[in-house]
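S.K.: The lines below spell out each chain.
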Amino acid sequence: MNWRKLRTLLLTVLILCLIPATRYYQIDVPLLRLLRGSHHVDPLSLHLTGEFVENNLGTEQNPDGSVTVRMIAQQYLFIPHCILVPAGAPVHLRITSADAVHSLTFNGTDYAVKVLPGTISETQLDFLTPGEYKTACREFCGAGHYAMRSELKVVPREQFPALHQEERGSCVAQ
Amino acid sequence: MLRNKLFQRTEKSSWLRPTTLALTFLVGVALAGVAATSLLEAGDSPPDRVPSNVAWTPETIAAASAGDAFRGMLLARRCDHCHGAEGFSSVGYTPNLAGMDKLALWKQLEDFRARKRLSRTMGPIAESLSSRDVADVVAYYAKLPVFQDSQDNRIFPQNPPEANHAGVASHLVSFGDGERGIPPCQACHGPVAYRPGVPSLATQNADYVLNQLESFANRSRTNDINEPMRTIAALLSEDERHALAEYYGSGLGLQPGSAK
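If you read the protein sequences in the order shown, they are chains Z and R.
Residues in the first sequence are numbered consecutively from 1, following this note's numbering.
Residues in the second sequence are numbered consecutively from 1, following this note's numbering.
Think of the hints as simulated: they come from the structure by calculation, not from any bench.
Treat the hints with care, as some may be off.
As the list claims (entries may be wrong) - Chain Z regions said to be covered by chain R (calculated; three or more residues, Cβ under 8 Å):
1) 46-58
2) 61-75
3) 145-156
To be verified - Quick list of simulated restraints, FRET-style, between CB atoms:
4) G131(Z) - D68(R): 55 to 61 Å
5) V91(R) - G50(Z): 37 to 43 Å
6) A69(R) - L35(Z): 44 to 50 Å
7) P46(R) - T123(Z): 23 to 29 Å
Claimed, not checked - Below, in silico cross-link-like pairs of lysine to any residue (SDA-like), each with a Cα-Cα straight-line distance of 20 Å or less:
8) K134(Z) - A234(R)
9) K134(Z) - T68(Z)
10) K143(R) - C82(R)
11) K116(R) - N56(Z)
12) K116(R) - T49(Z)
13) K153(Z) - R180(R)
14) K134(Z) - G108(Z)
By construction, the Cβ of each residue, glycine as well, lies at the ideal position given by its N, Cα and C atoms.
Based on the sequences and whatever the hints tell you, model everything.
M.R.: Next up, the structure:
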C-alpha cells in the first residue's frame with residue numbers, strides 16, 4: 001500500500017467519524033441506550049412496577065454505610081423534590097426519565113448526570129460537608145425547563161438516621 | 001436386652017431408616033427456608049404504592065380515545081344531575097366536564113373504578129360503568145362545546161380574582177417560580193402545552209380547583225402519576241392556591257395574559 005492510498009483511507013475514516021460526532025445531539029439517546037443496554041426501564045410505567053415505584057424513591061440506607069438515591073426526572077420536576085443525604089457517605093445516584101432527555105446538575109459542584117428515558121443513569125456522588133445544594137436541569141426539556149429545579153440537603157451523619165425516618169429521606173414538607 | 005429392642009425397633013419402622021430421616025430433614029430444611037425467605041420478604045419491603053393503574057402506552061391511548069360519542073350521550077344522562085346537561089355544573093365543588101380532554105377524563109374514571117382516587121359519590125358510579133362505557137362517556141364530553149351554554153346552568157365565569165391575587169396567579173400560570181422549583185401551570189395544563197392525561201383548566205370551577213389543590217397538598221388525593229401535582233401543590237402557599245383557583249374559575253385561563 002502506498003502513501004497516497006493510506007492517506008485516502010485515513011481521511012475517509014476520519015470524515016466518517018466526524019459525521020456522527022457533529023450529530024451527537026441526535027444520536028446520543030440511541031447510543032447511550034445501546035451502551036446502557038442492561039439498565040433498560042419502561043419510561044411509561046415507572047409508577048406501576050420495578051425500582052422506581054413511588055415508595056421506593058428517595059434515599060435508602062445501605063448496610064455498608066453508603067446511601068442509594070432513586071429519582072425520576074419528569075417534565076418539569078425532579079421527584080422527590082428534595083433529597084436528604086448524610087455527609088461523607090458515598091451516594092449512589094440512580095435516576096431515570098419518564099419523558100424527555102434531562103440533565104441533573106448540582107449547583108456549586110462538578111456533578112452532572114444526563115438522564116434519558118428508558119435507561120437508568122448511575123453515578124456516585126460524594127458530599128463531604130453538610131450544606132444545601134440547588135439542583136437544576138441543564139438540558140432543554142420543554143416549556144417549563146427553566147423552572148425545573150430541586151434541592152439536595154446534606155446533613156451531618158449522626159443526624160441522618162433521625163431525619164430519614166419519614167418518607168425515605170424526603171425533605172419536601174420541611 | 002434394651003439395646004436389642006431399640007435396635008429391632010429401628011430396623012422394623014421405616015420412619016426411622018437413615019434414608020427416610022435424611023429426606024425428611026432435607027424437606028424440612030427446604031420448607032423452613034421458603035417460609036423464612038417469604039417472611040423476610042414480607043417484612044423487608046412494603047407493597048408497592050401504585051398511584052394509578054394507567055400508563056400512557058400507545059395501546060392505552062388508543063383504547064381511551066376509541067369511544068362512541070352517541071352511546072356516551074345516552075349514558076351521560078345520569079351525570080346531568082351534578083355535572084349539568086351541557087357539562088357545566090351549577091355546584092362549585094363539582095367539575096365542569098364540557099370539552100374535557102378524553103384522556104384526562106378517562107384516567108379519572110379508571111382511577112375511580114380502581115379506587116385509586118377516592119370519592120364517595122364518584123366511586124360507586126364509576127364502578128357501575130364498564131370500560132367500554134367509560135370510553136363512550138369520555139368521547140361524549142370531549143365533544144361538548146366549551147363556549148355554549150343555552151340553559152345558562154353554569155356558574156362559570158365566576159367572580160374575578162382579587163386585585164392582588166390576579167397578578168400572583170397569572171405569574172404562576174405563565175412563569176411558575178424557578179426559585180422554588182414550581183413549573184408554570186400552562187406548560188402542562190395548556191394552552192402552551194399538554195401532557196397525556198392532563199386536563200385543561202380554562203373552564204374549571206374555582207371551588208373544584210381549590211379543593212383538588214388542597215387534596216393534593218395534604219395527600220388525600222394521590223392518583224397523579226409520579227406525583228407532580230402532590231409536589232407542586234405542597235410547594236404552593238395557601239394564598240397562591242386560592243389565587244390560582246380564582247384565576248381559572250373566572251375564565252382568565254381562556255385568555256392568558258389578560259390579568260396583569
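S.K.: Now look at each hint and say whether the structure bears it out.
M.R.: Here is what the structure says about each hint:
1. 46-58: With 8 residues closer than 8 Å to chain R, the stretch 46-58 of chain Z meets the three-residue bar; holds.
2. 61-75: The restraint on the stretch 61-75 of chain Z holds, since 3 of its residues have a Cβ under 8 Å from chain R and three suffice.
3. 145-156: Holds: 6 residues of the stretch 145-156 of chain Z have a Cβ under 8 Å from chain R.
4. G131(Z) - D68(R): 55 to 61 Å: The hinted range 55 to 61 Å holds for G131(Z) and D68(R), with Cβ atoms some 59 Å apart.
5. V91(R) - G50(Z): 37 to 43 Å: 41 Å, holds
6. A69(R) - L35(Z): 44 to 50 Å: 47 Å, holds
7. P46(R) - T123(Z): 23 to 29 Å: 27 Å, holds
8. K134(Z) - A234(R): 18 Å, holds
9. K134(Z) - T68(Z): Roughly 19 Å separates the two Cα atoms, so the pair holds.
10. K143(R) - C82(R): 19 Å, holds
11. K116(R) - N56(Z): 18 Å, holds
12. K116(R) - T49(Z): 16 Å, holds
13. K153(Z) - R180(R): Holds, at roughly 14 Å.
14. K134(Z) - G108(Z): OK: K134(Z) and G108(Z) at ~8 Å, within 20 Å.
Consistency note: the structure conflicts with none of the earlier hints.
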